[in-house]
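**Student:** Residue strings, one per chain:
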Amino acid sequence: MKVLVPVKRVVDYNVKIRLKADKSGVDLTNVKMSMNPFDEIAVEEAVRLKEKGIVSEIIVVTIGPDKAQDVLRTAMAVGADRGVLVQTDLPTDLGGVEPLAVAKALQVIIGQENPQLVIMGKQSIDDDSNQTGQMLAAMMGWPQATFASKVEISGADAKNALVTREIDGGLETLEIALPAIVTTDLRLNEPRYAALPNIMKAKQKPLAVMSLADLGIDFAPRLKLVGLEEPPTRSGGIKVESVDALLDKLKNEAKVI
Amino acid sequence: MSVLVICEHSAGSIKSSTLNTVAAALKLDNDVHMLVAGNAVSEVCQKAAAIQGVTKILSVEDSSLSHQLPEVLAPAIASIAKGYSHLLVPATIFGKNLLPRVAGLLDVQQISDVIEIVSEKTFKRPVYAGNAIATVESSDVIKVLSVRTTAFDPASVQGDTSPIEQGDVSTLGGGALTKFVSEELTKSERPELPAAKIVVSGGRGVGSAENFSIIEALADKLGAAVGASRAAVDAGYVSNDYQVGQTGKVVAPQLYIAVGISGAIQHLAGMKDSKVIVAINKDPDAPIFQVADYGLVADLFEAVPELTSKI
Ligand SMILES: Cc1cc2nc3c(=O)[nH]c(=O)nc-3n(C[C@H](O)[C@H](O)[C@H](O)COP(=O)(O)OP(=O)(O)OC[C@H]3O[C@@H](n4cnc5c(N)ncnc54)[C@H](O)[C@@H]3O)c2cc1C
Ligand SMILES: Nc1ncnc2c1ncn2[C@@H]1O[C@H](COP(=O)(O)O)[C@@H](O)[C@H]1O
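Protein chains in written order, with the numbering used here: chain H, 1 to 257; chain D, 1 to 311.
Extracted from the complex, chain D is given alone in its bound form:
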């Protein structure tokens, strides 16, 4: 049987998380189908058809899907999934919101945040903020998986073009009870956090929203994404979508620079798989130094501008 990947997309483009999820799917089977659901998705379908390893695109297009609400989408996915051995989504907010609703309809115990595919029914996933890795074997007929994107290198987008078929939309439902009202999206020219090669994050030590420009200046010099600790988000220095950690975003860049961050386990859970970690903190005993490859004990207000100017 083939495996089905749900495409995460917005504004006509495919999210990079989808490519990591395809890579995970290809470890299960060579016949990977992709469901592209939304309002006016023909452009996304064309792009999806070129992803290496994807053999068929299923297009589900309806005006009720303009915000891809799980209430509308989950029944359709549940009915389509019955023809597949595995169903995969990226473990992003989109996937986290949607997939358990599908699993609930299918009566399947979902496996969240898969980091390794051991066999077609055995998977590894982090638990307890990444302080343990569990290997679990599923007895469900359909395996429903959310994929930790940082654990799988993205599939390439230069594949042959695969066929696009129309999916059945008769099972869309539940939308009348939920209405999209508005959204407030952070505008940024910087790379997306989970896919960035370099991430510079600031914590409570940065002190204020204005001071965060010190972090941003370093990030811009490096072409990096900007992240933050929970304390920095709670204090209003930056918006919620910057949070890195157990209950925020997970990143694993080539270089992670933690500035004014103490290194609580909840923060480490989101960044300790980075290739190289740098910590800048004035407290020599801050736990962040236990995971940092290069630690600089210094006042960030001196060290970071100096670093930025010398790069």
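With the rest of the complex left out, here is chain H:
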């Protein structure tokens, strides 16, 4: 079966972000960008399914600027077969292409590619929306298994997948009919690093480019970014010398115990 993996280019998770001086957005100049960590997990899961002989082809797709080709190449270096860039110069973090528009774009790509399974991240670490997979499932009328920590598919022509999900009280297991959408949580797997020869080989893999404007969808933002501000900062407190001093502070100063 074919698998589609949407991957997003985001500010690297180790970067401490700065706002632009005019507060119109996050300053992305000279900032390290990477594949959204949950999408790395999604790619890894797809590659493992391919290694088990269940998946025949992995297509990665990103909606973003020309530079987002980098994350497609990264995915191809760990085993994705080909990439699709849906090009736009609109921001993809805030005030530009929103999850609803991304889901609509992915719906068009699904129409072209006919995958049996879409594996994607549960959340982008820039906009922190946690929406796109569920929206896409709604638009397709497909089952969804979000926050997956285990995916079991019995064979290449399997009709169902068994997915364990991380929920508030523990774990839940669902059986979903394919085609379906799965979104990844942290414990699904540990993504591998790309080996150098594979990074070189990935440069030869096919990468199609199309324009978001040509997909024929309404991608105009529904939300206007009115402003962006720093969160209230916590002033660091004091160090106490002993457990007794700590207890005294908690009882008599903070009065929390």
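Just so you know, these hints were derived from the structure itself, not from any lab.
Check the hints yourself; a few may be wrong.
[Unchecked claim] What the simulated footprint calls covered on chain H by chain D, stretch by stretch (three residues with Cβ under 8 angstroms from a Cβ of chain D suffice, anywhere in the stretch; the number is not a length):
id, stretch
1, 49-60
2, 77-83
3, 97-105
4, 146-158
5, 174-188
6, 231-242
[Unchecked claim] When the alpha-carbon atoms are kept at most 25 angstroms apart in a straight line, the in silico DSS-like pairs for lysine-lysine are as follows:
id, chain 1, residue 1, chain 2, residue 2
7, D, K197, H, K251
8, D, K15, D, K187
9, D, K187, H, K23
10, D, K124, H, K20
11, D, K15, D, K197
12, H, K255, D, K275
13, H, K52, H, K201
14, D, K282, H, K251
15, H, K23, D, K124
16, H, K52, H, K150
17, D, K197, H, K239
18, D, K47, H, K249
19, D, K272, H, K251
20, D, K15, D, K275
21, D, K221, D, K187
Ideal placement from N, C-alpha and C gives every residue a C-beta, glycine not left out.
Given the coordinates of chain H, assemble chain D with the ligands onto it according to the supplied hints.
**Tutor:** Frame of chain H, contents of chain D with the ligands only:
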């Protein structure tokens, strides 16, 4: 127009997250309706009817709703929501799983993790792991919001009883493609993490699942909930539902005690709105000390048992 809150409930009781969501809804409008959907929900409806500020309960009851799967529930919510100006759910796993599916059906751009209601169409929400707060103005006809529960004090449950009406179940659908198989729930007598007044969390420094009993003993002495960092969950010290952070649970208790946790931004995103933060860490340069009101540089294996015994 009125606003609609989706009730999060399980095993016959209303989740506290629902009460925070009602509080957010009351900042929008005085006419707050609540949808209670599930299998056999009459008891939950009775309880919901007593929540202060809720003026009407809509009961949607069907055996296909026993696990409240979004595939079944979302079409019904989407059809009911068309009569409302705003639709709200708590930003818990339940709400996160369900609401974008409704928004997708309604063709609306959802606003996740609302922490402040500025006006009927303008909202604040954290982005980039809480390192920026965005103010966004929605142009959608129905505003679809998930509510960060820690940002709103819970509505009281001693209101007058409001009427309960039967909702239309003809739009339930999609269930045949998704089957609930099983669940494995953590059993605990401790308070729920997001609503707890005190939280004690352990990180990688705790070292093993067995050692986590040191954290639990302190928590039990304080009547606290137990949390963990991602590293502690990944290493298998505790189960996934303990994780506090950007991609786990968000807490804002009166007192948060971080033990053997370094203070990565992804962890801070889930706890930095706590009223008082205590950090116990043997590394004096651990970033957690930058947000801690009281820091104790010490070996946790000595300091925590001593603290527990002296409380
Ligand atoms: C996409 C993504 C999402 C993430 N989401 C989350 C999230 O939601 N929540 C989260 O917590 N993390 C999250 N993380 C992980 C985060 O970046 C950190 O890796 C994690 O929080 C580190 O956990 P830790 O502080 O327990 O471990 P470490 O960083 O290893 O820190 C351990 C600390 O214990 C101290 N220590 C060791 N031994 C002792 C001792 N005997 N006594 C006292 N102190 C001791 C050490 O000094 C150190 O400071 C996420 C990461 C990514 C990439
Ligand atoms: N611009 C994008 N291009 C490709 N995939 C995306 C994009 N935005 C979101 N996604 C996918 O949707 C998931 C959830 O994102 P979000 O709803 O923004 O939190 C991500 O982990 C990606 O898999």
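**Student:** Against this structure, judge whether each hint is valid.
**Tutor:** Right, here's what the structure says about each hint:
1. Residues of the stretch 49-60 of chain H lying with their CB closer than 8 angstroms to a CB of chain D number 0, which falls below the three-residue condition for coverage.
2. Only residues whose beta carbon comes within less than 8 angstroms of a beta carbon in chain D count, and the stretch 77-83 of chain H has 0; fewer than three means the coverage is violated.
3. Requiring three or more residues with a Cβ within less than 8 angstroms of a Cβ of chain D, the coverage given for the stretch 97-105 of chain H holds, as 4 such residues are present.
4. Counting residues of the stretch 146-158 of chain H whose beta carbon lies closer than 8 angstroms to any beta carbon of chain D gives 3, which reaches the threshold of three, so the coverage claim holds.
5. Interface restraint, the stretch 174-188 of chain H with chain D: holds (8 residues with C-beta to C-beta distance below 8 angstroms; minimum three).
6. Counting residues of the stretch 231-242 of chain H whose C-beta lies closer than 8 angstroms to any C-beta of chain D gives 8; at least three are required, and the coverage claim holds.
7. Taking the CA atoms of K197 of chain D and K251 of chain H, the gap is about 15 angstroms. The hint holds against a cut of 25 angstroms.
8. Only pairs whose Cα atoms come within 25 angstroms are accepted, and K15 of chain D paired with K187 of chain D is accepted, the gap being roughly 16 angstroms.
9. At most 25 angstroms may separate the alpha-carbon atoms for a hinted pair to count; K187 of chain D and K23 of chain H exceed this at roughly 46 angstroms.
10. Taken as a hint, the K124 of chain D and K20 of chain H pair is honoured in the structure, with Cα atoms around 18 angstroms apart against an allowance of 25 angstroms.
11. A threshold of 25 angstroms between alpha carbons decides the hint, and for K15 of chain D with K197 of chain D the separation of about 16 angstroms falls inside it, so the pair holds.
12. For the suggested pair K255 of chain H and K275 of chain D, the alpha carbons sit about 11 angstroms apart, so the restraint of at most 25 angstroms is met.
13. Between K52 of chain H and K201 of chain H the alpha-carbon distance is near 22 angstroms, which keeps this suggested pair within the 25 angstroms criterion.
14. As the CA atoms of K282 of chain D and K251 of chain H are separated by approximately 23 angstroms, the hinted pair is consistent with the 25 angstroms bound.
15. For a cut-off of 25 angstroms, the pair hint linking K23 of chain H to K124 of chain D stands: about 15 angstroms separates their Cα positions.
16. A distance of roughly 15 angstroms separates the Cα atoms of K52 of chain H and K150 of chain H; the hinted pair therefore holds under the 25 angstroms criterion.
17. Annotation: proposed proximity of K197 of chain D to K239 of chain H holds, straight-line Cα distance about 23 angstroms (limit 25 angstroms).
18. Distance check on the hinted pair: K47 of chain D and K249 of chain H sit about 40 angstroms apart at the alpha-carbon level, beyond 25 angstroms; violated.
19. Restraint check for K272 of chain D and K251 of chain H: satisfied, since their Cα atoms lie roughly 21 angstroms apart, inside the 25 angstroms limit.
20. Taken as a hint, the K15 of chain D and K275 of chain D pair is honoured in the structure, with Cα atoms around 23 angstroms apart against an allowance of 25 angstroms.
21. Only pairs whose Cα atoms come within 25 angstroms are accepted, and K221 of chain D paired with K187 of chain D is accepted, the gap being roughly 18 angstroms.
Of the numbered hints stated above, those contradicted by the structure are hints 1, 2, 9 and 18, listed in ascending order.
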